[in-house]
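S.K.: Below, each chain spelled out in residue letters.
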Amino acid sequence: MKSLSLSTRMIAASVVLAALVAGVFAVLIYAVVTLDNAREREAATKDVRTALVGLEKLVIDLETGLRGVVLTGDARFLQPARAAGRQVDLRAGELERLVADNPTQLQRVRELRLAINSYVGDYLEPMVNLAQENIAAVRQTLARVEAKRRTDDIRRSFNELQSTEDRRAAASAASATTQSRRAIVLGVAGLVACALLIVLFGLYLARSTAHPVREAATAATRLAEGDLSVRLSERGPGEIGELTAAFNHMAEELESQRRELQTQNEKLRESERRKSELVHIVSHELRTPLASILGFTSVLLHRDAEPEEQRRYLEIIDREGRRLSDLLNDFLDAERLDEGHLILEPELIDVSRVVTEQVRLFEGQSEKHELDMVLPPTPLTVRGDPNRLAQVVGNLLSNAIKYSPEGGTVHVVAEQENGVVRVSVRDEGLGIPEDQQERVFVKFFRGDAPASGIPGTGLGLTIARSVVEAHGGSMNFESDSGEGSVFWLELPTAAAG
Amino acid sequence: MRRLVYMLALAAVLSVPGFFYAWSGSAWSSGAVTGPATIRITSREISRVWVDVGRPGRGAGDTEIVRHNLFNRRIRSKPIGYAEFVCTLTTATTRACNVTIFLPKGRLIAGGSIQYQDLYELAVLGGTRLYDNARGTLTVIRTTKKPRRHILLFRLAG
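Taken in order, these protein sequences are the chains called V and S. By this note's numbering, the letter at position 82 of the first sequence is numbered 86, and the numbering carries on one by one without gaps. By this note's numbering, the letter at position 135 of the second sequence is numbered 1485, and the numbering carries on one by one without gaps.
Treat the hints with caution; some may be incorrect.
Computed beta-carbon distance windows for the label pairs [claimed, not checked]:
id : chain 1 : residue 1 : chain 2 : residue 2 : range
1  : S       : P1497     : V       : A140      : 38 to 46 Å
2  : S       : K1496     : V       : K50       : 28 to 36 Å
3  : S       : A1442     : V       : G125      : 30 to 38 Å
4  : V       : A140      : S       : K1428     : 29 to 37 Å
5  : V       : R43       : S       : K1495     : 28 to 36 Å
6  : V       : R43       : S       : K1428     : 50 to 58 Å
7  : S       : A1442     : V       : R80       : 31 to 39 Å
8  : S       : P1497     : V       : I139      : 19 to 27 Å
Once the Cα atoms are required to be at most 16 Å apart in a straight line, the calculated EDC-like pairs of lysine to aspartate or glutamate come out as [stated by the list, open to error]:
id : chain 1 : residue 1 : chain 2 : residue 2
9  : S       : K1496     : V       : E137
10 : S       : K1495     : V       : D126
11 : S       : K1495     : V       : E137
Don't read these hints as lab results, they were simulated from the structure. Note that the Cβ used here is the ideal one computed from N, Cα and C, for glycine as well.
Start from the sequences and build out the full structure, keeping to the hints where you can.
M.R.: Here you go:
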């Protein structure tokens, strides 16, 4: 299941928190409303009590008025009672309005109103009239008993109304108290839950956001200080995971770019080194033949030498001039190889013939060396540039002679096998140390040759291998330090091709 | 005509219990007055006959027969019944009375001694049909002199 993003989690947590806060506030508001209702109920009860007291006072006024008339026979005592009688309906109506929310109480008030009106109409008024006609009749015990019965009924109604209102107020107050306590408990629980949630949310944020961000900041600092190997643990929700992944990707890219830069820097340094070496080689390699040419030319110009001697000097100048020419050709070939402009002029040639010519050319260059050549009786036909292949074979023979300073036999074998013409040149010279073997074909690499005073540019083998590979062949060697080396090349036969 | 009277009687029968209920606020079963109830009706005296017995003039033994029409104005303007008072003077100022109240669903019988005719109380002694075995008091208050009108208040115990 795909994990929720950080923003989604934060929104969800906020929604939960908001819902909890809203719930707590709803409970508190409910409690406040309940208390408010209880207060209103209490106020309504007070109003009902006040109205009841007012109505009861009217009844007392009625009773008192009647009693005054009965005792004195004077109708003036009835004035307060008549005033009270006129207000009964008004006060009773007000009372009905106050208890309108309670049908039972409303019914009681209506009954009370009827009872009072009945008291006035059915008893008080007739009794007043009788008092004026027959005072003895209204002073009899029965009158007091009847009055008491009626007023008792009315007072009973008052008491019932009053006690019911008291019970309602008490119940409302008790309910309000209960609700209030419940609201306090729920409110406190809600607040504690909110606080816990906030703390948990904070911890979660610290763990899921602040901690990874702090780690990212530390890692960024280390990165800025150059430690490109620093990586972040790709954990964390959504955006944090993306941030750490992006950071790691950035660090990898930076590290890769730095490696590339280092490589390029190394190449530049190597190039610079080679350039210096080239300048050194060129200056060294050119200086020697140039010195010979200039020296012998000066001798010829300023001294009268014998013709024989002149000829010998001119031969030296010619040889050194050719050597200069070869050097320059090597440099040009190396340049062409670098630029990929090596031009071949292929034709069908017999490799045995090329080898024979080169062996004969190099025979006699050193008295210490002997060249042993083994060729097959049949032609070794390949398609190639005869001059370039001659250059390659000549390079191998030249190296075999140069790197066998103590002399010895140079074995040259040309053969054909499995559609491949193979030419190998084995010397009995210094051999190539194992740690230098892999750089033998590198341009300008000369190993220990400079220290040994062996001349050369370090371009010959590089050019030779490139020429062979340009013919579709391959070139390699085997060597044991101190026991000589075997260099060979293999070219596809023309018949096979 | 006979049919009209019959219907009026039926209406009275139906209306009286409703009035009783409205007045008393007590429970009212469909069959009979089975519990405490207060019945208020008004009356108008329609006849009074004095029978002078013995020595002429007012004295013990004289008999007075009074007839009232009974009303419940909230239900109908016509009489819902009548009452017959048969009183015998026991002294010059007191009399022993038997009252029969004829109501649509039965009769109530009351009796006792009356000193003042404007305000007196009698015992309800019994009844018939709906008021079978009725007990309680009947309080009578005169409200007007001419014509003589009264309020009859029955307080029935059961």
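S.K.: Could you run down the list of hints and mark each one as holding or not?
M.R.: Status of the hints after comparison with the structure:
no., hint, in the structure
1, P1497/S x A140/V: 38 to 46 Å, "23 Å, violated"
2, K1496/S x K50/V: 28 to 36 Å, "50 Å, violated"
3, A1442/S x G125/V: 30 to 38 Å, "33 Å, holds"
4, A140/V x K1428/S: 29 to 37 Å, "36 Å, holds"
5, R43/V x K1495/S: 28 to 36 Å, "56 Å, violated"
6, R43/V x K1428/S: 50 to 58 Å, "55 Å, holds"
7, A1442/S x R80/V: 31 to 39 Å, "34 Å, holds"
8, P1497/S x I139/V: 19 to 27 Å, "23 Å, holds"
9, K1496/S x E137/V, "13 Å, holds"
10, K1495/S x D126/V, "15 Å, holds"
11, K1495/S x E137/V, "10 Å, holds"
Hints 1, 2, 5, counting from the list given before, are not met by this structure.
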